[in-house]
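Student: Sequence:
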Amino acid sequence: MGKLVKTNRETYYESIVRHGYNRRDFMKFAAFISAYMGLEHSMIGQVAKSLETKYRLPIIWEHYQECTCCSESFIRSDHPIVADIILDNISLDYTETLMAASGHQAEAAKHDTMEKYYGDYILCVEGSVPMGADGVYCTIAGRTALDHLKEAAAGAKAIIAWGSCACNGCVQGAKPNPTDATPIHKIIKNKPIVQMPGCPPIGEAMAALIVHYVTFGRLPELDRSGRPKAFYGKRVHDTCYRRPYFDAGLFAESFDDENAKEGYCLYKVGCKGPTTYNACG
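Residues in the sequence shown are numbered consecutively from 260, following the numbering used here.
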């Protein structure tokens, strides 16, 4: 194992203190994020220690064909430390939607991160990649999204596909799919990829995925679709507050009937909770 080189990079805990939070806030955040990751209560200490001692993870966040709702979900998390601390970590490296730099400066910042942390950074991708018409439907700095993806993926330790656009093409990939919108896993085959579908995915789940990697130095257990089991392993139906009405056979027949006003189950008006695996509950 190589020597640890002293750098001016902050740990997560140092960043939390710099933002004005105290030790109690920090431990509450560690407990909150541990619960979201599906960890036992005994693991809170390990999560806290990792956030106290480990340097913040270098992340490059690319945007292709998307509406930016994944970024919106992330920065509008209900937990303040998620927005203030985890997002601060990302914005210091590269995310074209939020970083102060633009144009040549933004591209220079990205390439500096790719070179400095080659093999150690995480590549986050929001949006599908248009393969039609030689990629002309999405270009950044005069280059296609496909070029940017392949370049950034080369030095990435792992890739996170944020949202349904990056995971399955979403709206852009709908028939007749004029741009030939393609999900990330169909393009990059030689890197571990975590799928976080949703339109958008849940902000707290996004933060928990990053903290899991910081804590354990590896990606979480994935299901056969490449999604973290901690967030996509259970049906929304299983934790729905309307579940007792479903079990009792009490359903709303329309959105404005008396049963709907009583809070009865919405299965008959289109709810897909019984077949939807996500952490919405």
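Any given hint could turn out to be false.
Said to hold, decoys possible - Taking lysine-lysine pairs in the DSSO-like style, the calculated list, with each CA pair at most 30 Å apart, reads:
id, residue 1, residue 2
1, Lys520, Lys488
2, Lys493, Lys445
3, Lys308, Lys287
As the list claims (entries may be wrong) - Across the chosen pairs, the derived CB separations fall in these ranges:
id, residue 1, residue 2, range
4, Gln305, Thr327, 28 to 38 Å
5, Ala359, Phe514, 41 to 51 Å
6, Ala294, Ser513, 49 to 59 Å
7, Leu509, Pro435, 23 to 33 Å
8, Lys287, Pro437, 17 to 27 Å
9, Asp506, Gly401, 54 to 64 Å
10, Lys520, Lys445, 44 to 54 Å
11, Asn281, Lys445, 17 to 27 Å
12, Gly476, Thr327, 23 to 33 Å
Quick caveat, the hints were computed from the structure, so don't treat them as lab data. Just so you know, even glycine gets a beta-carbon here, dropped at the ideal spot from N, CA and C.
Student: Looking at the structure, which of the earlier hints fail to hold?
Tutor: 1, 6, 7, 8 and 11
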